[in-house]
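Can you build the whole structure from these sequences, using the hints too?
In case you want the letters, here they are:
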Amino acid sequence: MSTHTTRNWLRIALIGFVAAALAACAPASPAASVETAAETTVSEPVQLRIGVMGDESTLTPYTYVTGYPGWNLLLLQYDTLYQTDVDGMAQPWLARGLSVSENGLTVTIDLRDDVSWHDGEPFSAGDVKFTVDYFKAHTQSRFTRALAPVESAEVAGEHQVVLTLTAPTPLFELSVLADVPIMPEHIWANIEDPAAHAFESASNVGTGPYRLVEYRPDQYYRFTANPEYFAGAPAVAEITAIIYADDTGGLTALQTGEADMLARPVLPEQIALLSASRQINLAQGALFTTDMLTYDMTKFPFDRAEVRRAVSLAIDRQELIDTVYLGAATPGSIGWIHPASPFFNEAVVTEYDPDQARALLDEAGIIDSDGDGIREAGGAPLKVEFLTPSGNALRLRTAEVVSEMLRNEIGMDAAVAVVEQATWEDAVWPGFDVAQGRNYDMAMWGWSAPVQANAVRITSLIHSDPAIGSLNLTGYASETADALAEALNVAVDPDEFADLLDQVQVQIATDLPFIMLHYPDGAYAYRADVYDGWAFMAGQGIFHKLSFLPESARP
Amino acid sequence: MSAAASPAQPARRSRFLALSGTARAAALIGAALVLGLACMAIFAPQLSPYDPAERVGPPFSPPSPVHLLGTNDIGQDILSELIYGARVSLSVGVSAAALSTALGTVVGLLAGYYRRLEHWLMRLADIVLALPFLPLLIVLAAYVGRSLTNTVIIIGLLLWAGTARLIRSQTLALSQREFVLAAATVGCTRGRILRRHIWPHVTFLVISEFLRATTTVILLEVSLSFLGLGDPLQKSWGAMLYWAQARGAFLTPAWAWWVLPPGLSIGAVALGFALIGFALEEIVNPRLRNGNA
Amino acid sequence: MQASGESRGGRFLQYAAVLILAITLNFALPRLMPGNPLALLAGVDVGLLSADERAEIMAAAGLDQPLYKQYVGYWGDLLRGDLGYSYRQKRPIAEMLAQRLPWTLLLAGSALVLSTVLGSVLGALSAWRRASPLDTSLLWSMIGLNSLPSFWLGMLFIAVFAVRLGWLPAQGAVTPAAQLTGGQQALDIVRHAILPVLTLSLLSMPDLYLTVRYTLLDVIGEDFVRTATAKGLARSRILFGHVLPNAAPPIVTMAALRLGYAFGGSVVIETVFSYPGLGRLIFEAVGSRDYPVMQAAFLLFTVAVLLSNILADLLYRRLDPRLGGVHR
Chain A
1 MSTHTTRNWL RIALIGFVAA ALAACAPASP AASVETAAET TVSEPVQLRI GVMGDESTLT
61 PYTYVTGYPG WNLLLLQYDT LYQTDVDGMA QPWLARGLSV SENGLTVTID LRDDVSWHDG
121 EPFSAGDVKF TVDYFKAHTQ SRFTRALAPV ESAEVAGEHQ VVLTLTAPTP LFELSVLADV
181 PIMPEHIWAN IEDPAAHAFE SASNVGTGPY RLVEYRPDQY YRFTANPEYF AGAPAVAEIT
241 AIIYADDTGG LTALQTGEAD MLARPVLPEQ IALLSASRQI NLAQGALFTT DMLTYDMTKF
301 PFDRAEVRRA VSLAIDRQEL IDTVYLGAAT PGSIGWIHPA SPFFNEAVVT EYDPDQARAL
361 LDEAGIIDSD GDGIREAGGA PLKVEFLTPS GNALRLRTAE VVSEMLRNEI GMDAAVAVVE
421 QATWEDAVWP GFDVAQGRNY DMAMWGWSAP VQANAVRITS LIHSDPAIGS LNLTGYASET
481 ADALAEALNV AVDPDEFADL LDQVQVQIAT DLPFIMLHYP DGAYAYRADV YDGWAFMAGQ
541 GIFHKLSFLP ESARP
Chain B
1001 MSAAASPAQP ARRSRFLALS GTARAAALIG AALVLGLACM AIFAPQLSPY DPAERVGPPF
1061 SPPSPVHLLG TNDIGQDILS ELIYGARVSL SVGVSAAALS TALGTVVGLL AGYYRRLEHW
1121 LMRLADIVLA LPFLPLLIVL AAYVGRSLTN TVIIIGLLLW AGTARLIRSQ TLALSQREFV
1181 LAAATVGCTR GRILRRHIWP HVTFLVISEF LRATTTVILL EVSLSFLGLG DPLQKSWGAM
1241 LYWAQARGAF LTPAWAWWVL PPGLSIGAVA LGFALIGFAL EEIVNPRLRN GNA
Chain C
2001 MQASGESRGG RFLQYAAVLI LAITLNFALP RLMPGNPLAL LAGVDVGLLS ADERAEIMAA
2061 AGLDQPLYKQ YVGYWGDLLR GDLGYSYRQK RPIAEMLAQR LPWTLLLAGS ALVLSTVLGS
2121 VLGALSAWRR ASPLDTSLLW SMIGLNSLPS FWLGMLFIAV FAVRLGWLPA QGAVTPAAQL
2181 TGGQQALDIV RHAILPVLTL SLLSMPDLYL TVRYTLLDVI GEDFVRTATA KGLARSRILF
2241 GHVLPNAAPP IVTMAALRLG YAFGGSVVIE TVFSYPGLGR LIFEAVGSRD YPVMQAAFLL
2301 FTVAVLLSNI LADLLYRRLD PRLGGVHR
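Protein chains in written order, with the working numbering: chain A, 1 to 555; chain B, 1001 to 1293; chain C, 2001 to 2328.
Incorrect hints may have been included.
Under 7 angstroms between C-beta atoms, here's a sample of chain C residues computed to sit facing chain A [to be verified]:
#, residue
1, Ala2170
2, Gln2179
3, Ala2248
Pairs of lysine to any residue, SDA-like flavour, derived with a Cα cap of 25 angstroms [stated by the list, open to error]:
#, chain 1, residue 1, chain 2, residue 2
4, C, Lys2090, A, Pro194
5, C, Lys2090, A, Pro217
6, C, Lys2090, A, Phe432
7, C, Lys2090, A, Thr108
8, C, Lys2090, A, Arg358
9, A, Lys136, A, Thr63
10, C, Lys2069, C, Asn2026
11, A, Lys136, A, Phe432
12, C, Lys2090, A, Gln421
13, C, Lys2090, C, Leu2079
14, A, Lys383, B, Thr1149
15, C, Lys2090, A, Gln436
The hints are simulated quantities; they were obtained by calculation from the structure and are not laboratory data. For clarity, every value in this text was computed on a predicted model and none was experimentally measured. The C-beta atom is built at its ideal place from N, Cα and C for all residues, glycine as well.
This is the structure in structure tokens:
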């Protein structure tokens, strides 16, 4: 074989390979066909593919995993008695209305009479009572805790239920009635082990606008619309929630048309790029998610108030936002409540003052005695391990910058330790139960939007009793704070409530049981030519059931 | 090689000139690459325009006269990161490769020369070779945690087996050669024979294995970092690519200045070592450089 | 492979030893590491387990029993096919593995075949045409290819072919939630497999190419080949009649040895392309600290590599009954 022939063979092989590859690319991708379908006729049913990160198991109230998007996916199938509208106010949903007794302990709720379950059974007060009883009996659910204010439920008529509360509860509609999904008695009555029970079909029976018809673990969920939905037939006929492993995967899918919307907000650096794209739109707004510093207040150095205050003063939050978020975030308020919230206390001022920080530490005798750049207090260096989860690029960079600021401004050694998500959770919130204590020095943390959206939940951040302060990760124990929290938890009078909430914010700003950094903005990317009916719910984004309902159906 | 070759080594220079043109070019280019990158590592503080951990510009800036390769996602200079990255990659590569080559050579020599040991040592080597490498590395890293030292040790402990097999083969062949047998007859102890007669002929192979191992280790360390199993806060090339991926640089124009340089640098180091190794192989086995039949 | 006369029984014993080592490693690691062994065994924080689950783990692992009894019990479970339960995902692990294995086989298998065939052919061409422009260009490209990080190449392919040009899908094994059947489904699978297989092949090929080239050059330089050429035998006869038969055993050996690397290499590629195989599973399990899944996947990897080694051994015996072989 001469060299010529060899070369020719190689050339032919190469051409053949390329031809084969091109031939394989010839058929149009499914994305293209769906888009064309949506464009040609208005009456074509809309099929939406949404990218989500992470598997949410079988999506029942006992098995879903994350607050976001798990809870949102859950509420596609189930309804709550009240529904948050786009302004964040709780509106009657399965309920028509309610009345509260004089002493605030009895709530009579009138229910709709035109609602039925996915399998055709009518919805009635018995289901509501059953839901309350069931969650109280089978306690491995966060809804058990959500129902803590409710002592018992009684059926007062086919469509009327009476709840007895343990104590008057402010924002009851928002904190309890808009949170807890109603479950069908006729399905769950005989289920003894809700977490492990396997349903015959994937379709968990609920009253919601969608039925889960297919679930492939680690791959996708398929929901079809419930045409009999009491509020009106959903605008999107079928939703497929595709599970992607990471942000890049989701973004790639959106760009190639494999997905039509991403449930996770896009990273700040993608905003400019996506805004320029013709096919992809962005819905932007402020979110109630938080980035904050938590630490163990029961031991040095965060048991010292001066240290906590110095740390808070030493962090330039605006620079942090400009660097890591490219400006797409709101600086944190050390009182916890978001500045855009109606409950925000203007008197709480979050300052950046490194000079004052240094002065505070100097006065407290925490100085750098050996010239190594790190301060000491009675021989013990101001040094902590700063835990950050590995899967979150933005939190990682935030930690890096914060660590640098602390070292440069106040001589504190907070070396960032990158650990697996699971390790981070186990160290900061072992077993998701604050009664188990904590084993960390300092960590990057953050709560999902609903914690901020429901102002009353501020009490769970500060109370020293694990039963009430279920989100108190720092071991904060203050009698004043406990008293304020307990008072707030029963302040049904709006003025009293607002006043107490102001005081709580001041209390938090003074004692600093955690240090707020910022509230990231949310930019959600979607393909407008597939579906354009998204509604941005205050502080929570566009991925919620209202976005899938026609305008007329929204409260 | 004919059986009657003398134990004395021909002068290095003529060995080099006896190489084929390709091998000579390979050796020169390879050496240039490795030396160049080694200089980059050693003189990093002098060469690098900024401290790589310092935020010196606006995030995501494209290349400019002030930042030749632009800045990364929090405003650190990419060129500085690249230069300091050479330190981590080279030090990890060299130390882990040294560990594994040393281990492998010792085991190989012993196995090749002491027949009683051979059986067990080679069984051990085969067992280690048969374990799926990267999954094992990942599993061990998961238990032991993400630290550079641990990574180096684990890689070193896993990589020795291939070298051991090779060295053993060579030692075995050498031990049959006349000059070795002659030395034994004269009464040299086995240890002495190993050291004075066998070892000099094995050196080239050892060096070649060391270079191969370095390439493997560098690429492994980079893979681990990229997967997120390394320390993302370190200034290494793998970490640079990890951040580029995490901040979506592969899908934006930033890939030209954030993704390409570290990838090419890694490739350059690996290539340099590979080229030198390739030239050395020809020295070890002259058959490779003869014209074909 | 083995220069010394290694009996078939000896080889099998050896593989058994590897398996035993891997299983023992899996057994020992969670018990040796600092931390709550219950948590390490379950791969989940103890607080998340129900009392029933905790009792179940205690009983299954026999944590209160002496170590040797635990070890025996562990073996018993494995032999029964009980690979454990993932407490994080609430699913039996065997089910998860069964779902993932076919994809890794498809990926690593195709890449192995492709890279072996291409690598061998090109290596042979190179050796036969030593120092020609073909040889030189192939040599330099292969050495260059061998130096590139795998994920880097993969991500570049995605950026160019999937995102920029839109020719091929960027990730996954199939189009998610598309109800395809028969031919369309097969085509979908093929389209998704092209880029990952291509990447993995391109990265595995240089090694084999270099070895084939090296081995062939070695053999070609042997006396008997010179004799055959001097005798005036046709080149193709020399190639197929003398060179290849002598070179085949070490080449097959090399290919078999690389099986371990091929499976391992698929870990990175599966991650980059989000390909739902075993490699990706190990990676995900590490990230979520799901130790039982991680260990089971690792065991499966080991078994797969061992099986392929056995297969290669059988092939080798057919090719070279002398068993003496050419030592590298």
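Evaluation of the provided hints:
no. : hint                    : verdict
1   : Ala2170                 : holds (4 angstroms)
2   : Gln2179                 : violated (10 angstroms)
3   : Ala2248                 : violated (20 angstroms)
4   : Lys2090/C <-> Pro194/A  : holds (13 angstroms)
5   : Lys2090/C <-> Pro217/A  : holds (11 angstroms)
6   : Lys2090/C <-> Phe432/A  : holds (18 angstroms)
7   : Lys2090/C <-> Thr108/A  : violated (39 angstroms)
8   : Lys2090/C <-> Arg358/A  : violated (51 angstroms)
9   : Lys136/A <-> Thr63/A    : holds (16 angstroms)
10  : Lys2069/C <-> Asn2026/C : holds (16 angstroms)
11  : Lys136/A <-> Phe432/A   : holds (19 angstroms)
12  : Lys2090/C <-> Gln421/A  : holds (18 angstroms)
13  : Lys2090/C <-> Leu2079/C : holds (22 angstroms)
14  : Lys383/A <-> Thr1149/B  : holds (23 angstroms)
15  : Lys2090/C <-> Gln436/A  : holds (23 angstroms)
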